[in-house]
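Engineer: Start from chain G and add chain S according to the hints.
Heads up: the protein sequence lines correspond to chains G and S, in order.
Just so we're aligned, residue 1 is where the first sequence starts under this note's numbering, counting upward by one.
Just so we're aligned, residue 1001 is where the second sequence starts under this note's numbering, counting upward by one.
Bear in mind the hints are in silico, worked out from the structure with no lab data behind them.
Everything numeric in this text was worked out from a predicted model, so none of it was measured.
Where is the CB? At the ideal position from N, CA and C, for every residue including glycine.
You may find that some hints are simply not true.
[Said to hold, decoys possible] These stretches of chain S come out as covered by chain G in the derived footprint (C-beta under 8 Å, 3 or more residues):
1) 1020–1030
2) 1046–1055
[Unchecked claim] Distance ranges between label pairs, derived from CB positions:
3) P14/G - A1068/S: 21 to 31 Å
4) T1040/S - S65/G: 43 to 53 Å
5) A1068/S - V15/G: 24 to 34 Å
6) D1039/S - S65/G: 21 to 31 Å
7) S17/G - G1060/S: 41 to 51 Å
8) D1067/S - W7/G: 35 to 45 Å
9) E1054/S - Q45/G: 26 to 36 Å
10) E1015/S - Q62/G: 38 to 48 Å
11) E1095/S - H5/G: 20 to 30 Å
12) V60/G - T1040/S: 17 to 27 Å
13) Q1009/S - Y99/G: 42 to 52 Å
14) T28/G - A1068/S: 28 to 38 Å
15) K1114/S - T3/G: 25 to 35 Å
16) S1053/S - G16/G: 43 to 53 Å
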Amino acid sequence: SQTIHQWPATLVQPVGSPLSLECTVEGTSNPNLYWYRQAAGRGLQLLFYSVGIGQISSEVPQNLSASRPQDRQFILSSKKLLLSDSGFYLCAWSSGGIYSPLHFGNGTRLTVT
Amino acid sequence: KNQVEQSPQSLIILEGKNCTLQCNYTVSPFSNLRWYKQDTGRGPVSLTIMTFSENTKSNGRYTATLDADTKQSSLHITASQLSDSASYICVVSAEYGGSQGNLIFGKGTKLSVKP
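If we strip away everything but chain G, and leave its shape as in the complex, we get:
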């Protein structure tokens, strides 16, 4: 069966520090991969998605970047965190069909202090 791993679960970082969140998927090949951010009282916001290795689409211009170095690995990064980067970050995968569901990881709660 397919599983998605996302870590760390919680993270507290000072303003200006770098960020690296990692997500890996097992049990499937060539998945579509996604990074979402969920702010309190707001809907999930798509940050990046990838349909293949090295292919990254950015939905919202901001202080973050994403990379897909391997088929089932998706990394969210920042060189210098801002206070506004605080939030709940979710990685997800889908098989790529238009009716296939998104399968989410359990998220990373990031607090920038």
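Structural biologist: Just chain S now, kept in the frame of chain G:
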């Protein structure tokens, strides 16, 4: 502007009771509508996905309905259990490609089931 509005924002019910959550959307083009359940501090889990031609879809005690003419959907929970306490998120897909890069998320309804 593509939007998904959910109501109520929050809801408290007693264990064993039924409840219905609402979702109104203004999304074009419409591809499909999804309901997700999100436990506190966890990632959302898919409950149902409905296409334009589907009016009803069930998943255990969860039944989703879709009226594509009025652009409304509902999620009905039967015989609620304490484990149903969660946020329920309505999501509408506005594309026919496979990337799913154009999903519009509602803010969710927070359901609390009390003993």
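Engineer: Please write out, lowest number first, the hints stated earlier that are contradicted by the structure.
Structural biologist: Hints 1, 3, 4, 5, 13 contradicted; others consistent.
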